[in-house]
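Novice: One-letter residues, chain by chain:
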Amino acid sequence: MIEFLQYHLPVLLIAIPLIAAPLAVLLSNRYIVQSLALAVCWTTFGLAIWMVAIVNQSGPVSYELGGWAPPYGIEYRVDQLNSFVMMFVSGLGAMVLTYSPYSLKAEIPLSQHYLFYPMYLLCMTGLMGMCVTGDLFNVFVFLEISSLSTYALISLGRTRRAPLAAFQYLIMGTIGATFLLIGIGLLYQMTGTLNMADIAEQLEAQRLVNDGQWAGSRTMLVAFAFLTVGLCIKMAVFPLHTWLPNAYAYAPSVVTAFVAATATKVSVYAFIRVVFGIFTPQFAFELLPLDTALWSFSLVGIFLASIAAIFQQDVKRRLAYSSIAQIGYMLLGISMADVDGLSAGIVHMFNHALIKGGLFMVVGCFVLRLGSVQMDDWKGAGRTMPWTSFAWVLGGLGLIGVPVTCGFISKWLLLTSAIHNELYPVAILMLISSLLAVVYVWQIVEVLYFEEPSEKAKHATEVPPLMLLTTYTVVGANIVFGVWTTYSAGLATKAAKALLEGGSL
Amino acid sequence: MNLFSPETIIQISLALPALGIVLVLLTGRFPNLRETCSLAVAALLFLVNCDLASYVFSGGRPSWRAGQLMPGFDVAFTVEPLGMLFALVASGLWVLTTVYAIGYMRGHHEKNQTRFFACFAAAIFAAMAAAYSANLFTLFVMYEIMTISTYPLVTHHGDQNAKGGGRVYLGILLSTSVAFFMFAIAWTWKIADTLTFTQGGILSKAFSEGRVTEFELAILLGLFAFGIGKAALMPFHRWLPAAMVAPTPVSALLHAVAVVKVGVFSVLKVALYIFGLDLIRDTGAGEWLCYVAAATILLASLVAMTKDNLKARLAYSTVSQLAYITLGAAIAMPQSALGSGMHIAMHAVGKITLFFCAGAVYVGAHKTNISQMRGLGRAMPLTFAAFLIAAISIIGLPPGGGSWSKWLLALGAAQSGQTFLIATLMISSLLNIAYLIPIPIQAFMVPPGEKPMPFKEGPMLCVVPLCITAIGSVALFLFADSIYACLLPIVQ
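So the sequence lines, in the order shown, correspond to chains A and L. Counting from 1349, one number per residue, gives the positions in the first sequence under this note's numbering. Counting from 738, one number per residue, gives the positions in the second sequence under this note's numbering.
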């Protein structure tokens, strides 16, 4: 039994939430669906941890879907990098879902609850699928599954602007997905295969035939451009970020917490795969100036988004802009294209998922009691909701990157990598930009602790223990992974080494 | 005596303040029990440190590697004489400050005392760990922990003043440390491939191999000197007066001992063990820093003279005195470095006495401004006598401990042939006299106004500690030679 499970593990990670989703619609009882979704999410998380252990022990795992051998059949391939990403995506998914009941009751009409859970499960399926698959077209399919369910989830928001935000995201997201599809089509035209490892091999073979020249490089360039831009939209890289602030601001708090913690990170993962797994760093960074482009866009994005965050009165929107800035740090790391930089980028995916997931959970707590995301209504809430407020401080310290929080680990790795590559201006700008985070985090801290309580805050009470417990688990993980980095920075470094040395999937 | 190995003692003395945080939080509902825990932990810590000191000062260099935070960056501790001295001063004064804080906080009916004592213990933890740190990375981590853990102390009152003060405090300390200090550390790591504090410095080898130029060294030193914002070198000194919105025990321990001393201690560590005194001297990297430090000494003293609020005056006096220590590192002569090291202890004991006095006057007579303190000496003779003694030590006159450290600094300046620095030190001493001595003199000599004031000292728990520290600053004068002998290995 165990061996059977172990053998089918890669596909179980996808199949379980995928099958549970329609089942949930059929069951249509709120409580049963909720229990089912919880069980599925935690099972998936457990399996993902198991997957990480297996990969750590015996190296990458390849799974032939339906018994069809790659490159003809679809291959699921799990290595250090995607097992790591799957672990934190499913972990945060499970944690946010455990946290959700009170918040959902307050923000989504009860009659729609049984529809929320299938969407949530589908979104998780899509995100996990994007990670696990070794097939480029499959990446597109799962991307669409996760995106479509995200649109639906966002439109559940309680104001009438939520559907509009979802629609805005739908337009941008579809453009991104279409670009991705065009890029995939061009690559398929060149190589006749969709298996990522196989594409990489074919491209390399064609290059060798042409005396080291990139064969058909025009097509390759166009394909690369489409893939990059398409994924940049999904990652919300400045200046393709416009969908994100509204989507995060108007979605239900639970959805924001889940999506902010996972969706953009998985897109970053897909981008890493495309750059390092299919095209090579040589192609992307030596033939093309993608590194210069990436870090200039990243830095401009970090500065503009951080400054924009400072001026937001809406806390969700403030965090949304901060997310755009933080994506910049991940890309900055990736653009270094060495082990240090890449592991900084990868570990920041993980760390930022924890930080932002945690902070949006805190926001959800405040929304539950104060019914508002406006800073003015949060005034003085530190007195009536001390635990929730302190969770904000802890998460905020992580976002700033103070030592012994995981944010510091990312920042330090990024800094040493930039210095190592002698990109001194980048290092300096990155450090200065991180000070902007101090401003937009601390403004809220001051509002919470130093202002006279607002009308809403006066009568607020602390949130239910379950919400506090889950919020503190995620926020506490910020601290844990800021001290104990064996399985965050350690795994990220291994994954980065594997990507750079092997180049293959 | 040798119940534990020195490594274990390091662990114990780091664990004790951490235990203190937990105990204070757990016993928060029972103030008496809570304060007992605070005191017991503080006293134990001091005893443990004394034990460790006897080992370190007789030549031992215990070390403990706690673990690896990131590949290549360890959190590790090695105790050398300078760090030992700092740890002794900080832990010893923590005991007295705890006693004082109990008197002050209760006498003044402050709120949130549990948070206060817990953050206090956290700050001491950071101070201990910074004192023992074996490499720059560990030092930086502890430096930042201290910044964060002292923020709730600075903003203890929770009003708009506290918010403003806290904003300046956190803003300057975080931005200098992130923008300059962190960058300097990463750059050092790139140049020298290591961050471990090493006798004689780690950069000299890189310099002789041509991996770094003289100009770059000067810039690097600048990044450190300004990046360590807690050393309060002008123009990054504003946080120190801003932090005076805190309750007086905080100002006393943290802004005369722990926080600012971690700053100058870090500067000194960098000068001694990262650059090496020889390298600073030979390359002239510290030359410009001498000017900045000298300017800070004089300017801060001048500003202090204009302040009527006693705590504000003491704050600027601290800025000026801290610059002495930076100056000693910048001159980079063995004598001046020793003088700096000793000044950490001398100034700590002297300045904490002055702050204790300021707090005692506030609790006992509800006065904050110097102009209101005329004739108060008859009502509070012990307080103002202690103030006088401590002021003499800060100025650098016998029989105050400060006279030795200032003497060594002047000696170092003379050896390096920079006569203008000697002049600066002399002028500064005169300025110190001008802004410190009138306070006790007026308190004793000027007759009080219409109604005579009865004898009314502050609470006992406030007065006893300040008498002890006042006596301490005289004792330091008498036993300065043993401190000198203990510190001597750092420049050999």
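Careful, some of the hints might be misleading.
Estimated spans, in silico, between C-beta atoms of each pair [unchecked claim]:
1. L:A1222 - A:W1735: 47 to 57 Å
2. L:G901 - A:N1377: 52 to 62 Å
3. L:R948 - A:D1662: 45 to 55 Å
4. A:W1735 - L:V1183: 50 to 60 Å
Output of the computed footprint for chain L on chain A, the stretches with three or more beta carbons under 8 Å from beta carbons of chain L [claimed, not checked]:
5. 1782 to 1788
6. 1830 to 1843
Derived by calculation from the structure, the hints in this document are not laboratory data. Backbone N, C-alpha and C define an ideal beta-carbon position, used for all residues, glycine too.
Novice: Taking the hints in turn, state whether each one holds.
Specialist: Structure-based check of each hint:
| no. | hint | in the structure |
| --- | --- | --- |
| 1 | L:A1222 - A:W1735: 47 to 57 Å | holds (52 Å) |
| 2 | L:G901 - A:N1377: 52 to 62 Å | holds (55 Å) |
| 3 | L:R948 - A:D1662: 45 to 55 Å | holds (50 Å) |
| 4 | A:W1735 - L:V1183: 50 to 60 Å | holds (53 Å) |
| 5 | 1782 to 1788 | holds (count 3) |
| 6 | 1830 to 1843 | holds (count 5) |
When the structure is compared with the earlier hints, no violation turns up for any of them.
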